[in-house]
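Read off the chains here:
There are 2 protein chains.
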Amino acid sequence: MTVQFHDQHLSAEALDQIFREARSYNGWLDKEVSDEQLHSIYELMKMGPTSANMQPARVVWVKSDEAKAKLVACVSEGNKAKVEAAPVTAIIGYDIDFHEELPWLFPHTDAKSWFEGDEEGRKEGAFRNSALQGAYLMIAARALGLDCGPMSGFDAAAVEKAFFADDPRHRVNFICSIGYGDKTSIFGRSPRPDFDKFNEIA
Amino acid sequence: MTVQFHDQHLSAEALDQIFREARSYNGWLDKEVSDEQLHSIYELMKMGPTSANMQPARVVWVKSDEAKAKLVACVSEGNKAKVEAAPVTAIIGYDIDFHEELPWLFPHTDAKSWFEGDEEGRKEGAFRNSALQGAYLMIAARALGLDCGPMSGFDAAAVEKAFFADDPRHRVNFICSIGYGDKTSIFGRSPRPDFDKFNEIA
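From first to last, the protein sequence lines are chains A and B.
Under full-length UniProt numbering, the first residue of the first sequence carries the number 1, and numbering increases by one thereafter.
Under full-length UniProt numbering, the first residue of the second sequence carries the number 1, and numbering increases by one thereafter.
Hints in this document: simulated from the structure, not taken from any laboratory.
C-beta: ideal position from N, C-alpha, C; glycine also.
Certain hints may be false.
[Stated by the list, open to error] So the derived list for chain B, only partly shown, Cβ under 10 Å to chain A, looks like this:
(1) Ile96
(2) Phe198
(3) Glu200
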C-alpha cells in the first residue's frame with residue numbers, strides 16, 4: 001500500500017534540523033557514534049532514489065584509530081585535524097561496475113545490458129548517483145540527530161589505494177565526517193542566493 | 001546562535017515522508033504546483049552544504065506548455081509522457097564557471113583563486129555539488145508534501161541548446177518532475193541492499 005503525504009509539511013523544527021539550522025562542522029565533541037547509528041543512517045539513505053536503483057555508493061565508515069591514521073595521511077593539511085577529531089568519517093565511494101548488481105537491484109527488466117560496453121556512461125552515472133547518495137547520507141545523519149562535515153580536500157588516488165585496493169573498480173567521490181558538532185568550531189553561515197539569482201520558471 | 005539537535009530523531013512519520021515511503025512517480029495527478037511552492041523548495045535546498053558554498057546548481061523549472069513542449073522534444077521516448085503529464089519538471093543544471101560568484105558566496109577567503117585556470121576541477125566540482133543540490137531539491141520537495149520523478153534519459157546537448165543557449169557555460173545534470181504522484185503509476189519498490197553488502201566499518 002503506497003503511503004502519500006500530499007500537501008503535508010514536515011514540522012518547522014524538522015526542517016530546521018535537516019536544512020535551516022544544520023551546519024557543516026569543523027570540530028567535534030568527544031562523544032562516540034555507534035555502529036548501530038551508522039546502520040540506521042544507511043537504512044534511511046538506501047531508500048533515496050537512484051537511476052534504475054543502481055545504488056552505486058560503496059561506503060567505508062572510518063572509525064578505528066588505525067583506519068583514521070590511514071585516512072589522515074590522504075587528506076589535505078587543512079582537513080587532517082578535522083578527520084582526527086571526528087568520531088567517524090565516511091568515505092563515499094562508488095563502483096564503476098555497478099551494473100553487475102542490476103539483475104537483483106532492478107529485477108523488472110534487463111538494465112544491466114543498458115550499461116554493458118559503456119564505461120564512460122557508467123562512470124558518469126555512478127558519480128552522479130553516488131553524489132545523490134552522499135546527500136541522502138548527510139540528510140539521514142542530521143535526521144537522526146547527528147552533524148556532518150563534508151570535505152573534498154584529499155588525494156583521491158591515495159584514498160583509493162588505501163581503502164579500495166581490493167576493489168580496483170571503486171572510486172572515491174567525497175568524504176564526510178559524522179558526529180556531534182562542536183559549536184565553537186564554526187563561523188557565521190555563508191550567504192545564500194535569492195531564488196531569482198540562480199532559478200528561472202519557464 | 002547555533003541551534004543543535006543532538007540525538008533528536010525526526011518523527012517516524014517525517015522519516016517515512018522523506019525516505020521510507022517516498023517513491024519516484026511516473027504519473028501525476030491533475031493538480032497544479034504553484035510558483036510559491038517552487039520558491040519554498042529552493043529556500044530549503046539552498047541551505048544544504050556545497051563545497052566552499054559554491055552553489056553551482058542553476059535550475060530551470062519547466063511549467064508552461066511552451067517550455068514543456070521544448071523539453072519533451074529532448075527526452076527519451078519513455079520519458080515524454082511523464083514530462084507532459086507533470087505539473088513541473090526541474091532541469092537541474094550547473095555553471096562550470098561558478099567560481100565567478102565565490103567572492104560573495106564565500107566571502108571569508110579568496111576561494112575564486114582556487115579554481116581559476118582549473119576547468120577540469122571546476123567541471124568535476126560543479127557536477128558533484130549540483131548533484132548534491134539535486135538531492136536536496138528532492139528531499140525538500142518531499143518535505144513540503146510533493147512527490148518527485150527524477151530522470152536521466154534525455155539528450156543533454158539538446159537540453160542545453162533549448163534552455164541554456166544564453167548561458168554557454170551551463171550544463172545539465174539531471175531532470176526531475178515534481179507534483180502530486182499518481183499511485184497507480186508505480187510498481188512495487190525495487191529491493192534495497194543490506195548494510196553489509198555495500199558498507200564496511202573500518
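To see whether the hints hold, each was checked on the structure:
1. The beta carbon of B/Ile96 is not positioned within 10 Å of any beta carbon in chain A (closest approach about 14 Å), and the interface hint is therefore violated.
2. The criterion of a C-beta within 10 Å of any C-beta in chain A is met by B/Phe198, whose closest approach is roughly 5 Å, and the hint holds.
3. Look at B/Glu200: its Cβ gets to within about 5 Å of chain A, closer than 10 Å, so that hint holds up.
Violated hint: 1 only; the structure is consistent with all others.
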